[in-house]
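Novice: In the order they appear, the protein sequences are chains Y and P. Counting from 1, position 78 in the first sequence corresponds to residue 77 in the numbering used here; the numbering is continuous, with no gaps. The numbering used here runs 154 ahead of the 1-based position in the second sequence.
What the hints contain is simulated information worked out from the structure, not anything from laboratory work. Misleading hints may appear alongside valid ones.
[To be verified] In silico lysine-lysine, DSS-like type, Cα no more than 30 angstroms apart, as pairs:
1. Y:LYS71 with Y:LYS61
2. Y:LYS350 with P:LYS205
3. P:LYS203 with Y:LYS20
4. Y:LYS61 with Y:LYS122
5. Y:LYS213 with Y:LYS367
6. Y:LYS350 with P:LYS278
[What the hints assert, rightly or not] Facing chain P, a subset of chain Y residues (Cβ under 10 angstroms, in silico):
7. ILE22
8. VAL31
9. GLY35
10. ILE36
11. ILE37
12. GLU38
13. LEU228
14. ARG295
15. ILE297
16. PRO321
17. ASN326
[Said to hold, decoys possible] The following residues of chain P were derived to be distant from chain Y, with all beta-carbon distances above 12 angstroms:
18. LYS171
19. GLY190
20. VAL195
21. GLY201
22. ASP239
23. THR250
24. ILE258
25. GLY262
26. HIS266
27. ALA274
Treat the numbers as computed from the prediction; the structure is a model and nothing was measured. Don't be surprised by glycine CBs; every beta carbon is placed ideally from N, CA and C.
Each chain is listed here by its residues.
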Amino acid sequence: MAKYGRMRTPLYEQHQSLGGKFIDFGGWELPVQYSGIIEEHETVRTTAGLFDVSHMGEIEVKGPDALNVVQKLVTGDAAKLRDNQVLYSLMCYDDGGVVDDLLIYRYTASHFLLVVNAANIDKDYSWVLEHAPTTTTVENLSASYAQLALQGPQAEEILQQLTPFPLEKIPFFYFVPSVVISGHFALVSRTGYTGEDGFEIYTSPEAAPFVWEKILKAGRPLGLLPIGLGARDTLRLEANLPLYGNELSPEITPLEAGLSAFVKFSKGEFIGRSALQLQKEMGIPRELLGFTMLERGIPRSTYPVTVGGDRVGHVASGGYSPSLKQNIGLALIARGKVAEGGNLAVIVRDKPIAARRIPLPFYRKRYKRK
Amino acid sequence: MNVPQQLVYSREHEWVKIDGDRATIGITDYAQGSLGDIVFVELPAEGDKVKAGVGFGVVESVKAASDLYCPISGTVVAANHALLDNPQLLNTDPYTNWIIAVAISDHGELAHLLTPEQYAELIK
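Isolated chain P (complex conformation) (with noise of 0.2 angstroms):
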């Protein structure tokens, strides 16, 4: 399974990667393995406020729709709308198809996320 070291990850299976106040988040593969064909996105839209633990958006697969829990708190900068007409983007490349960028409101947050150890022993 793809764990990339310059990321950080949450128990939710989305990746964060962190840039300043910026943070950009995806699901990692293990989420796109499990999930199988993915068919659908829900995105927010730019300058909603996310909250940290709380639904941001949706996938769907052919069998069953998941929420996208945020891994962190801050206002939305950007949504890829790439994956709307090409949700499948996430199955072949679910680390370079990030799904939204959010302006960080609490760096104290990013401590509850996981290293990549960390997260390849959750997914182990």
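Next comes chain Y alone, as it looks inside the complex (with noise of 0.2 angstroms):
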């Protein structure tokens, strides 16, 4: 894959004719809005949005020691996985950075497919292969794949209409290897990224078009959009899901982002577990923290953080939040400096903006748990 070049999904034409306005997103030309980026995200809160989303990687490890690779490799238990059942996690580095979060769908415990983020699949590929023994085939399948994520309150109402499957039967963070959607074979999985229920659907990249538009009709009557990466963005920072690059970086611990419940440090040895065992015990030096502004101003990624005037950190991710109607942000800032509902300042175009810390998540997340 050129690592350079403008790269197009299969979904291309469809983004060009619904009047997706495109942008360089790690060398790919996606759509950040179509109708924009706020009716997309109340869209997706109210009725039900479809994100074009086969940028994502998926690496398939497999083998009889497939388990204990993707278990050295991640700080969650992936051994407690049933058989298609998923598992968000992450890889991290010998000093407890972070390589990448990614999603883990086992299909069997000698079958497992990572789910990893764009512009890391170089990395994460050559990462997982360095790490696996010559029983283990490691295989980069990023290209064989579309994914197509369907979210919001209507959307198993929406697929329902294009499969016989019972969708109702797939949990939370479970999926089905091969649900017929409109007559061609889908991975379905009750996953997503935007603090809705909804699903992820991986199919090839021949049968994306077809499926793309089969949902989009069967969804337009409800109110279905198409919906961009700009929308994408503020529905998980809502949600407090982590991205990559803002949130998580190989200079940021799982521990420092808020992500403790992900590290399984009682599973046994993984890499990168010694230093965050180190971290935990030494005090963990940074915070993720949320806040909202209290006066006029927008907290974009990087601004800095002032707390009495000393600079403490910066914004990981902010904006403007559609469904508060405030400008919100995540701040990464040293330890113990801000309590819950005390003040801070985020530094916009050299001025400090008066933000109060406010609980976490800012959205609160409508999944539908069994």
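Using the hints, build the complex out of the two chains.
Specialist: Here is the structure:
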């Protein structure tokens, strides 16, 4: 795959004909919006939206030692997974910094699919390969999969029109490897990146345009809209779902990013474990906190954050929240500087603008848990 | 794309309405469409000096912040404070919802602005 070229998903023509406004996203030409970010955001919260996330990467790990390989690579406990279950987890370096965050799909104990961030595909593939014994095959299948996300309270009702498979039987964070959608096989999981109920649908690149159009057509009467990357970002920020590059990076540990629940020290050895254990014992130096702006101004990623005039960190992600109708953000700052409800300031174009720490998440997730 | 005939334009997608020594400035329909949903506007104070080609304010959409470049030099005589609470007015009607009015200090600069025909060509 060309690293600097303009990469297009199999749905490029669909985005064009829908009036998508394209941006470059890590080398991918993807729509940032169609009708408008706020309208798209609200549609996902109230009805449903359809996203093209084909840029995401898929890495297959297969072989008798597959479970051990995955266990060594990730901070979560993949041994607790049942067949057809999905786990959100992180891969760390030895020093505890994050290689990537990912979804782990377990077919069986000897067959896993890792779904990784688009910008990290090459890096992750090399990393997994490097830590796999010869008995394990590791394949980068990213070019063989297109991925759609259908998200929102009406997602199930819409998708059910196109498949005989009873979708209510897929619990939260489970998947079915071959659901027939309008005559095409797809892997369907009840997962997402919006804080709403919904599905992620993996098809062949050839079938993707057909499945995309069928879903849009089935959902239109209910108000379904195609959704661009702009609303994907505002939706995930409200739900406090981390974005690699903002809340996670090689310089930020999962403990600092508030993801301690996803680091299972009890499971045994994994890459980064001793560094994270040490950090936990010595005291986690930074914390990720949520804030809302008290004065006019929009916090953006990298803007400095101060408390009592001292610089304590920076904004990891920030922006206008269409659901809260406030300017909100996540700040990565020195631990213990601001109590819940306490004040901080975001430096917007050289001026300190007042903000207040508020509890996370900004928006309460509405997953369909059994 | 709406490009009204009675206005002149900058290459940075601002419109200018000339009324004697007073210039009223806003952003074009093309600009608001490119920016997307506008959620924040930062205005200069009345009495501030502004200079052609230099930033005089900021508009922010959901996605990003963009500087507003002044098409002509002068002194700010009015700023549209209605935009502070309702920045989306720039999306709904960018030609009615002006941003600032300036007392023009150098009429010569007007020669650098674009006619409606030239601007329509620029955004084609």
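Novice: Look at each hint and say if it fits the structure.
Specialist: Hint-by-hint comparison with the structure:
1. Y:LYS71 with Y:LYS61: holds (15 angstroms)
2. Y:LYS350 with P:LYS205: holds (22 angstroms)
3. P:LYS203 with Y:LYS20: Measuring from Cα to Cα gives roughly 36 angstroms; hence the hint is violated.
4. Y:LYS61 with Y:LYS122: holds (19 angstroms)
5. Y:LYS213 with Y:LYS367: holds (24 angstroms)
6. Y:LYS350 with P:LYS278: violated (38 angstroms)
7. ILE22: holds (9 angstroms)
8. VAL31: This hint holds: VAL31 (chain Y) lies near chain P, its Cβ roughly 6 angstroms from the closest one there, short of 10 angstroms.
9. GLY35: holds (5 angstroms)
10. ILE36: With a minimum Cβ separation of about 4 angstroms from chain P (threshold 10 angstroms), the hint on ILE36 (chain Y) holds.
11. ILE37: holds (5 angstroms)
12. GLU38: holds (8 angstroms)
13. LEU228: holds (9 angstroms)
14. ARG295: Holds - the Cβ of ARG295 (chain Y) comes within 10 angstroms of chain P, reaching about 7 angstroms at its closest.
15. ILE297: With a closest approach of 5 angstroms, the ILE297 (chain Y) hint holds.
16. PRO321: holds (7 angstroms)
17. ASN326: Result: holds, 8 angstroms to nearest chain P Cβ.
18. LYS171: About 27 angstroms separates LYS171 (chain P) from the closest Cβ of chain Y, which puts it past 12 angstroms; holds.
19. GLY190: violated (6 angstroms)
20. VAL195: Nearest chain Y Cβ is 9 angstroms from VAL195 (chain P), so the label is violated.
21. GLY201: At roughly 19 angstroms from the nearest Cβ of chain Y, GLY201 (chain P) sits farther out than 12 angstroms, so the non-interface label holds.
22. ASP239: About 9 angstroms separates ASP239 (chain P) from the closest Cβ of chain Y, which leaves it inside 12 angstroms; violated.
23. THR250: Label holds. Min Cβ-Cβ 20 angstroms, cutoff 12 angstroms.
24. ILE258: holds (27 angstroms)
25. GLY262: holds (31 angstroms)
26. HIS266: holds (27 angstroms)
27. ALA274: ALA274 (chain P) clear of chain Y: closest Cβ-Cβ about 20 angstroms, beyond 12 angstroms.
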